[in-house]
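*Asks:* Build the full structure now, drawing on both the sequences and the hints.
Sequences listed follow chains B and Y, in order.
Start counting the first sequence at -4; every next residue gets the next number (my numbering).
Start counting the second sequence at 19; every next residue gets the next number (my numbering).
Just so you know, these hints were derived from the structure itself, not from any lab.
Check before you lean on any hint, since a few could be wrong.
[Stated by the list, open to error] Heads up, simulated DSSO-like pairs for lysine-lysine below, C-alpha to C-alpha not over 27 Å straight-line:
#1 Lys102/B to Lys85/B
#2 Lys587/Y to Lys665/Y
#3 Lys449/Y to Lys510/Y
#4 Lys69/B to Lys115/B
#5 Lys85/B to Lys472/Y
#6 Lys535/Y to Lys474/Y
#7 Lys102/B to Lys510/Y
#8 Lys85/B to Lys474/Y
#9 Lys89/B to Lys474/Y
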Amino acid sequence: MKKILMVEDTPHLSEEIADILRLEGYRVAIAHNGHRAMELLPESNPDLIITDLLMPGMDGFELIRQVRSIASFKSIPIIILSAKTLDDDKLRGKEAGADAFIRKPCKAHELVTTINSLLKTKDLSKIT
Amino acid sequence: MMMNNQIILVVDDTEHILKLSRDIFEIAGFKVITAVDGEQALRILAEKKIDLVVTDILMPNTDGYLLCYTIRTSERLKDIPVIIYSATYTSFSDEEMAMEMGADKFIRKPASMDELISAAQYFLSDSRKFVHKIPAKPKSLEATRLYKEGLVLRLESRNIELIERKEKLEQGESRLKEAQTIAHIGSWEIDMVNNVQHWSDELFNIFGIINEGALPSTELFLSFIHPDDFDFVSKKHEAFKLLTDSSYDFRFIRKDGSVRHGYSKYRFEFNKDRRPVRLSGIIQDITEKKLAAAELHTAHDRLLFHIENTSLGFIEWDNQLLVKSWSKRAEEIFGWTEKEFMDAQKTGYSQVFDEDLPWVSKMSRQLITGEVTRNRVQYRNYTKDGRVIWCEWFNSVLKDRDGEVITIMSLVQDITAEKTSEEVQRRKLEKLVEERTHELNESLKKEKELVEMKNKFVSIASHEFRTPLSTISFAAESIRNYFHQLTPEEIKRKLIKIEDQASHMTNLLEDILTIGKSETGKIKVKRISLDLKEFIDSLIEEVRATVKEPREINFTFSCLSRKVNADDKLLRNVFNNLLTNALKFSASGTPVTIVVSDFDGDILIEVTDEGIGIEEGELASVFESFQRGSNASAVQGTGLGLSILKKAVELMNGSVEVKSTINQGSTFRVQIPIQ
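*Replies:* Here's what the structure looks like:
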């Protein structure tokens, strides 16, 4: 079972997403900010990270940079799920090292498809 | 002298011709009898033996033709030769007629003595040798009749001509008289041969003695001369002896006592021998002309007076801009006298300030070419001592009939004082403009900031909508997609979540609209009189009703008066926010305190809780839109409540401040002026 770390400061939203992902067959860990996510990272050892951008304390961009700086998570798929809508944010996210950018609100299907495809690509790259 | 006894009858109606003819023929040795017309001639012919008839044609009663015809048709007289001696105006047809009437010769007046004498001698040498032509009776009579009619016509027309000529002459005379009257010109003349003096009517009129029958004389003229001019006029009259034409002005006293001005001019006429025959002259009353000239003179003096006394300098320039005249005031302004300035100009001096010279030269050229005929300009000038003064010039160009510039007249005023204060005013104005520009830039900057803020607000607001929308969307999708995998409890929880988020979005929308209204100035403060204590009491009850668990709310009211004038809606907003926040961010067991007091016309509202408090670093931004404390994520809120509260307070000209310690509680203090 694949493990997903979800970083989202709005509890009702993180709960709802987690419900869907669990129903889709993933194990989900939730962090409400960047600091908490970094703490959870070693023990949860996720296969994929979903993160918001605007969060108190450490924001999404900083979190991605820090995750990427850890050797074992250098190539972990990271999805940004944000209400920020500017192209500039998308670009910054990509620069920081995100693999996908999904804009809130989105269909559960879009999120699940992106997760599946990123995990498959990762698996393929492992094999080859 | 040859003498014979032959008698010549000379017939003529003009006395001097009769006299002359008699003399001529008598000198030639003939006897002469005269008659003044044909009738008299026939009477003489009937009584005396006449040897030759010399007759004029045009005569009263019986004329020359009839006389001639009568002689030729008389048995006793038919052999007497007849010579027609007639005036020049008789035509050739007259001559023809004369011959037909039986005349022997036709001589035109005036004829020379010799011609007359030789003609007489020729016919008297032997009268019988001539066969006198006898006119055919009927033809002759017819001719006579025609002749007479023609003659009458001619006489009539001549008479008419004479009358017309006379009338014209009279008209001319009367016109001359009229002209003399109008021009006040009288004329006079002295016949120097006969020493007769004549004056025209107007001359009498000039002296006021018309129709008094005075006899014109030099003495009479001198009697009217003004005593002051008498000697001089007398001398002029003595100078008549010099026989030179002359003219002069003089004063005279009319008969009515008025003093008038006269002008006299006279001229001598000479005969062939250079002897004076006539002295003619005119005298004109020129009083009006003199008065007008005097008036003009006075007007000129008056103008000069004004020019010298006005505060404007008066300068007249020629068409090369050299000074022609320069008034006293111009001297005061520039320090130069007229003479000094003229001399300075000769050395190329210009009174125009160097910096202004280029355009002033250009302007001056337009004046001297007549391109511009008047203008009003201001520029700087030098004075004699080198000071720079501001002058205002009013220039006007005088042109002759051909449009050539004759002179340029300038009125000039020293406006340095005005200019200086004008300069001060200008600087003030510039400063004001600078300030206004600065203010404008500031307000533009503020406007720009506001626009940026609004953009940011929209961006954040949209962000704030996206999060609850995501939750709603995911929850609804879960229910649909995983309906069978979810327990009824889980589905119920998700539906409640959807409801909550929808109501959160509604609140958010309301708050955003409130902020939008307040920022576009759409919220108007409407003060009403209300009982403040009662108002707050009822608000507390309303809020208490929305809280799930019962809370301890302590309310202290310590105002002197319960009555205030305030906008109830804004006040409600303020209390609601303060009280709701205090309850929301504190634990259910802790109390909330409200203290309302008044101080110096203001009311003070203090709301204190013992809740989670606010991080020190976040206190400064607590009133900004969508700012939520880092420790507030577990508490529902739009992040707009305090922002709206602050705006409401500011609309009432009040202020709000906050004191807080993390995990110990917060105190919000609002101060609102009331009336």
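*Asks:* Work down the list of hints and note, for each, if the structure agrees.
*Replies:* Structure-based check of each hint:
1. Lys102/B to Lys85/B: Cα-Cα ~19 Å, so holds.
2. Lys587/Y to Lys665/Y: 13 Å, holds
3. Lys449/Y to Lys510/Y: It is violated: about 72 Å lies between the C-alpha atoms, which goes past 27 Å.
4. Lys69/B to Lys115/B: Within the cut-off at roughly 17 Å; holds.
5. Lys85/B to Lys472/Y: 22 Å, holds
6. Lys535/Y to Lys474/Y: 17 Å, holds
7. Lys102/B to Lys510/Y: 21 Å, holds
8. Lys85/B to Lys474/Y: 18 Å, holds
9. Lys89/B to Lys474/Y: Between Lys89/B and Lys474/Y the Cα gap is close to 23 Å, so the pair holds against 27 Å.
Hint check: a violation occurs at hint 3 only; the rest are consistent with the structure.
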